Each structure stands twice: as structure tokens, then as C-alpha cells.
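Trainee: Chain by chain, the residues run as shown.
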Amino acid sequence: MSDTGRILSLHLAVLAALLGLHFVAPPYHHANLARVMVLAVYAMGYNIAFGYTGLLSLGHALFFAAGLYGTGLTIQLAGWPAGPALITGLLAGAAVAGGLGLLALRTAGVSFMIVTLMFAQAGYLTILYFTGYTRGEEGFVLPAAARSIGGLDPTGEAARYLLALALFAVALAVNLGLVRSGLGRVMVAIRENEERSRMLGYDPFRVKLAALAISGLYAGAAGAAWGWLFGYVGAGFATIQYSILPLLYVLLGGAGTVLGPFLGALAMFYLIDIASGLTDAYLMVVGVALVVLVLFAPKGILGSLRERWLRWLP
Amino acid sequence: MSFGPYLLLAVLEGLVSAAVLALTAVGLGLVFGVMRVVNVAHGAFFMLGAVIAWMVADALPGPPALGFAAALVVAPLAVAALAAAVDFGVLKRLGYDPDATIVATIGVLYIVEQAALSLFGPDARPVQAPFNLRLQLPWFGYSGYKLAVVAAAVVVLLAVWLVLSRSRAGLVMRATQIDGETARAFGIDTDRVYAGVFALGAGLAALAAVLVVPIQQAHYLMGGDPLLLSFIVVIIGGLGSLRGTVIAALLIGVSEGVVSVFFSPTLAKILATLLVALVLVFRPQGLFGRRAA
Numbered sequence: 382m383s384d385t386g387r388i389l390s391l392h393l394a395v396l397a398a399l400l401g402l403h404f405v406a407p408p409y410h411h412a413n414l415a416r417v418m419v420l421a422v423y424a425m426g427y428n429i430a431f432g433y434t435g436l437l438s439l440g441h442a443l444f445f446a447a448g449l450y451g452t453g454l455t456i457q458l459a460g461w462p463a464g465p466a467l468i469t470g471l472l473a474g475a476a477v478a479g480g481l482g483l484l485a486l487r488t489a490g491v492s493f494m495i496v497t498l499m500f501a502q503a504g505y506l507t508i509l510y511f512t513g514y515t516r517g518e519e520g521f522v523l524p525a526a527a528r529s530i531g532g533l534d535p536t537g538e539a540a541r542y543l544l545a546l547a548l549f550a551v552a553l554a555v556n557l558g559l560v561r562s563g564l565g566r567v568m569v570a571i572r573e574n575e576e577r578s579r580m581l582g583y584d585p586f587r588v589k590l591a592a593l594a595i596s597g598l599y600a601g602a603a604g605a606a607w608g609w610l611f612g613y614v615g616a617g618f619a620t621i622q623y624s625i626l627p628l629l630y631v632l633l634g635g636a637g638t639v640l641g642p643f644l645g646a647l648a649m650f651y652l653i654d655i656a657s658g659l660t661d662a663y664l665m666v667v668g669v670a671l672v673v674l675v676l677f678a679p680k681g682i683l684g685s686l687r688e689r690w691l692r693w694l695p
Numbered sequence: 004m005s006f007g008p009y010l011l012l013a014v015l016e017g018l019v020s021a022a023v024l025a026l027t028a029v030g031l032g033l034v035f036g037v038m039r040v041v042n043v044a045h046g047a048f049f050m051l052g053a054v055i056a057w058m059v060a061d062a063l064p065g066p067p068a069l070g071f072a073a074a075l076v077v078a079p080l081a082v083a084a085l086a087a088a089v090d091f092g093v094l095k096r097l098g099y100d101p102d103a104t105i106v107a108t109i110g111v112l113y114i115v116e117q118a119a120l121s122l123f124g125p126d127a128r129p130v131q132a133p134f135n136l137r138l139q140l141p142w143f144g145y146s147g148y149k150l151a152v153v154a155a156a157v158v159v160l161l162a163v164w165l166v167l168s169r170s171r172a173g174l175v176m177r178a179t180q181i182d183g184e185t186a187r188a189f190g191i192d193t194d195r196v197y198a199g200v201f202a203l204g205a206g207l208a209a210l211a212a213v214l215v216v217p218i219q220q221a222h223y224l225m226g227g228d229p230l231l232l233s234f235i236v237v238i239i240g241g242l243g244s245l246r247g248t249v250i251a252a253l254l255i256g257v258s259e260g261v262v263s264v265f266f267s268p269t270l271a272k273i274l275a276t277l278l279v280a281l282v283l284v285f286r287p288q289g290l291f292g293r294r295a296a
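Here the protein sequences come in this chain order: A and B. Per my numbering, residue 382 is the first one in the first sequence, and the count goes up by one each step. Per my numbering, residue 4 is the first one in the second sequence, and the count goes up by one each step.
Hints in this document: simulated from the structure, not taken from any laboratory. Note that the structure is predicted; figures quoted are calculated from it, not measured. Among the hints, a few may not be true.
Pulled a few chain B residues facing chain A out of the computed Cβ check, cut under 8 Å [said to hold, decoys possible]:
(1) A107
(2) V111
(3) K272
Restraint-style ranges between C-beta atoms, simulated for each label pair [as the list claims (entries may be wrong)]:
(4) B/D182 x A/R577: 23 to 33 Å
(5) A/L393 x B/P101: 37 to 47 Å
(6) A/N413 x B/L161: 53 to 63 Å
(7) A/E688 x B/L69: 50 to 60 Å
(8) A/E688 x B/D182: 26 to 36 Å
(9) A/V673 x B/L278: 28 to 38 Å
(10) B/P67 x A/G480: 50 to 60 Å
(11) A/G480 x B/A154: 44 to 54 Å
(12) A/V405 x B/L80: 56 to 66 Å
(13) A/Y613 x B/R286: 32 to 42 Å
(14) B/R286 x A/R577: 26 to 36 Å
(15) B/P125 x A/P407: 32 to 42 Å
(16) A/L652 x B/G124: 20 to 30 Å
(17) B/G124 x A/G386: 49 to 59 Å
Here are a few chain A residues that sit away from chain B, every Cβ distance over 10 Å (derived from the structure) [said to hold, decoys possible]:
(18) F404
(19) L559
(20) E573
(21) N574
(22) Y613
Even glycine gets a Cβ: it sits at the ideal position worked out from N, Cα and C.
Produce the entire structure from the sequences given, and follow the hints as far as they go.
Mentor: Next comes the structure, spelled out in C-alpha cells:
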């Protein structure tokens, strides 16, 4: 089988398996998987910036929150219908990421991490500052009636799962298309050697800006979908911890692999789920996972697999 | 109270936070300067210092001064030992790669915070000040202990400066900072220097925390603000410059004290974080630094 054939069948098989699980998974895991798929979209976006382009951002929670609040506030305060509100959230993620990129991409490496961290922190504090509108830490619940789009009601478990799956499928397809496109290859080239790609005539700033904006679009889509599907909007999603989570997922699953973010999100979600059954010290699990990963498996699950056996993995 | 004394009170409060901040930030800056490691767990080391101080003071019977004095010795040493272990067990094995060490220290931060929550509990707990002296100014009384904190910070910072600029240990550190390869070629055990610097940085944070804990109670989440503010101070002061760090700590500490008396503390923090981000974008060498970091 050709590489393209293998890649297509692998990703279609994953989507088919997720569709199959919709019919057989027990309710508890069914609900979990819907969440994991939305988080995986967020992590995929993170991976486009970090895994493929080498931009280690510590501020992605800002883009997720832009999507979440872009949707939540337009519904809650402006009384918009859910459809336009969702699109607003999606675009808010990309716009915030693009705007931040214009400033932050003037720096690199450690400075880039700190700058993104600082902007995200300022964003979080801003949400708290306008508690009158955003309800701050406490957040607000989007009423079910305001969330339906022309009869499409996302409040039922089944609809929620299928909508999350649809979003995940689109995100996966776009991601796959992106990394196999010219832009995707230039992104990797810049990650590997920025100077050389500049010498070959590419403009690293523009490519990185594009990667960050696409990454923000993903994060915004995940945030908007989170608010729409699960109906809760709160400042907790804008904290540093939500910038760390996608990093963790991507590191665990494998940076620079298309399926890695999903695999990482799935594994981490269940690791925390199982750990919190045994102990309430779930942050400990996150901490130990981070340290162990950077020490012993810096390439993550799929990254290691690709290195050994599956050379064709995108 | 009229405006003048009000401002004086704000400046005094600002000086106290500047003193604590300078100690914490110098620790962070030292680690970054010599090792090029951004230690995200620095705030966790700060918190650990406060928590250990409470434990020591709580375990020792007798006058509060005795418990406090014991905490002043035990907490920084214990935290420094832990930091040296982290350096040896994690950072060294990562080859001090900037990206990987950030991720690893985030992990350490979570581990330390969770350990403190599990062992120490979610409550904020006070440590008694070693003495209760109240300085009576014409307009208001002011805690003598707070002024002692400022004095102690000045002494420690002078000591750090002396060690760095006059002692052999400081020379070795600076040599490692400027060119690790060459330092190794001259027979300097850079691994030991790195472990020592990392321990010293964490110890300074713990020391600052012990000093602050009679003013502000020990709590397992207390490390967040010092971490963020230390970042701000180190960046504004110019990464790797001790003098700049101290000046920036004064600037930030006092202005934060003054601003938060007159404005909302959240707004003050938003402006400070944005300012730092913009300083990093447009003046990466910091306001006082001379060459690019």
C-alpha cells in the first residue's frame, strides 16, 4: 500500500472506531469521549504551533478562552443566535492568536514563552476585572434554548457526541491536509532550521504567524464548541493550567504527529480519571507525567513509534 | 488620615514587598543568568520555604523567636537541598535544554504544590513574628518587624553581591555563565556549579518566604504571585543583571504598593503584565540590561 493510502486508512479507521463507540460505549465513557474529542481539537491546534512549527507557547488558554467567551458572551449579553455566536468564537481565537503573534513573534525561544504567558495572564486578569459581564471564576451557564441552531439541539448526550465527532473529523482532515501541503512542509523546515529556510526565500515571520493563527483558530473552535456543547463558560479555562494541558497532551501523544494530540488527550484524560479515583492528588499525576515525559520519552507515544517502525506516519 | 501620611504608608508597604521580591527575583535571575534555565518552579520553592517555616515553628516549643530563628536556617537549607536534587535528577539529565527544562520545572511545580496540599492542607496558617515591636510614627503605628525584613533583605543581597563579585565561588559562577565550555576546560566542575546555583536560587526564594510568612500566612498556592512578579522584575531589570534586578524590584514593589492603595489591584496587575510583555517584545535586553539576553 502506498503511504497516502496507509495514512488515509489509518485516520479513517480512527474516525470509524469513534463512530462505532458512539453505539457501544457505556454512558460514562461516551460522555468522556465527547469531551476528549473537543480537547483533542484544542491540542491539535497547539500541535500545529508547537509540534510542527516549533513555537512553544505558554499562552494558548487565551485563544481557547477567546473562543469560549466569543461564543458565550455574544449569546449571553448580546442575545445572538448560536450559529453566528459560534463563528464569532472561532474567529476570535484566530484573531487573538494573530494579533498576539504580530507582537510575540518578534521574540523567540524563552522570551516567546514568557511573552505568551504574560499576555495570557493579562487576558485572564481582564476576564476577572470585568466580572460584572463575565461572572469571573464562577462563570455562567448558557441556557439550553439559546444553544440550539435551527432545531439542532446540542444538549442531548447523543447529539453532543456526534457533534464533537464531526468537529474532530473536520479538524483532523484539515490538519492532515495542512501538514501535507506546502505550508506544512515550510513550517517543519522553519522548526528545523529557521536560517536555512530564510535563505531559501521563505519568510519565517509570515509562516510562523500563519501557523499561530491557524493554531488559534483550532483553539478558538475548541473553546466555542466547549461552550456550545457543554453550556458552561468560566474564567477557569483561561488560567495557565489550560495552557499547560495541551502541551502535556501533545508531549504525551507525540509532538508533530497528526493523531498524537488525540492520543495524548485520551491517555491523559483517563490517567487523571483513574488517578482521581485512587487519590485526590491529581495535579501530582500531571506533574509526574510532565517530568517523566521530558526525561524518558521526549518524542511521545506516536513520535517514538514513528522513529522505530512507522516511518510513514504524518 | 491626609494624603501625605497615606502615601508614606503605601511607600513603606511597597518597600517591604520590594525587599521580599528582590530576594526572590535575584534567586530566579541567578539561575537564569548562569544556567539559562527558566525555573517555573521558583514560586513553588518560595511556597515550600513558607510551609516548612510553619512546620518548624509549629514543632518547636518555646518563644516564637526561637522557632522563627530555627525556620530561618532549616527552611532555606531544606529547599536548597531539594533544588539540588531536582537539578541532579532532572535538569542535568535534560542537558539544560531551555524548552525541556521549562516543561520539567512546570512538572516540579505541580508536584511540589500537590505535595504541599496533601501534607499541609488547604488552610492558610500564620507564623508568629519573632518580636512585636511597634514603631509609633506621628500619624500611625508601623510594625517594626516589617522594617526588619527590609534590613534583612538588604544584608542578604549585599552578601550575595559580595560572594558573586569578590569570592572564588562567585568567580567560578561568572566564568561558567560566560562560557561553560572554557570553564570546564580550566578544570571547573560545571555540574557542581549548576547544582550549587540552582540550590542557591531556590534557597533565596525560601529565605524570602520565611521572612514574609509572619506578615502573610503560609498557603500552598502562595507561590503564584511571587513567581509572576519575579519574572517581571528579572525581565525589566535585564536578564542576568543583579543590579538591574534589585532596581527593578524596588520600582515594581513600591509602585505596586502605591498603585494598589489607590487603584484596583487587578488592574495594576493587568498593566504590569502587559508592560512586561511589551518590554520583552521591544526591549529584550530589559530596561537596565546592556546586551541582548
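Trainee: Now, for every hint given, state plainly whether the structure supports it.
Mentor: Structure-based check of each hint:
no.	hint	in the structure
1	A107	holds, 5 Å
2	V111	holds, 7 Å
3	K272	holds, 5 Å
4	B/D182 x A/R577: 23 to 33 Å	holds, 26 Å
5	A/L393 x B/P101: 37 to 47 Å	holds, 39 Å
6	A/N413 x B/L161: 53 to 63 Å	holds, 57 Å
7	A/E688 x B/L69: 50 to 60 Å	holds, 58 Å
8	A/E688 x B/D182: 26 to 36 Å	holds, 34 Å
9	A/V673 x B/L278: 28 to 38 Å	holds, 37 Å
10	B/P67 x A/G480: 50 to 60 Å	holds, 52 Å
11	A/G480 x B/A154: 44 to 54 Å	holds, 46 Å
12	A/V405 x B/L80: 56 to 66 Å	holds, 57 Å
13	A/Y613 x B/R286: 32 to 42 Å	holds, 40 Å
14	B/R286 x A/R577: 26 to 36 Å	holds, 29 Å
15	B/P125 x A/P407: 32 to 42 Å	holds, 34 Å
16	A/L652 x B/G124: 20 to 30 Å	holds, 25 Å
17	B/G124 x A/G386: 49 to 59 Å	holds, 58 Å
18	F404	holds, 37 Å
19	L559	holds, 23 Å
20	E573	holds, 14 Å
21	N574	holds, 16 Å
22	Y613	holds, 23 Å
The structure fails none of the hints (numbered hints given earlier).
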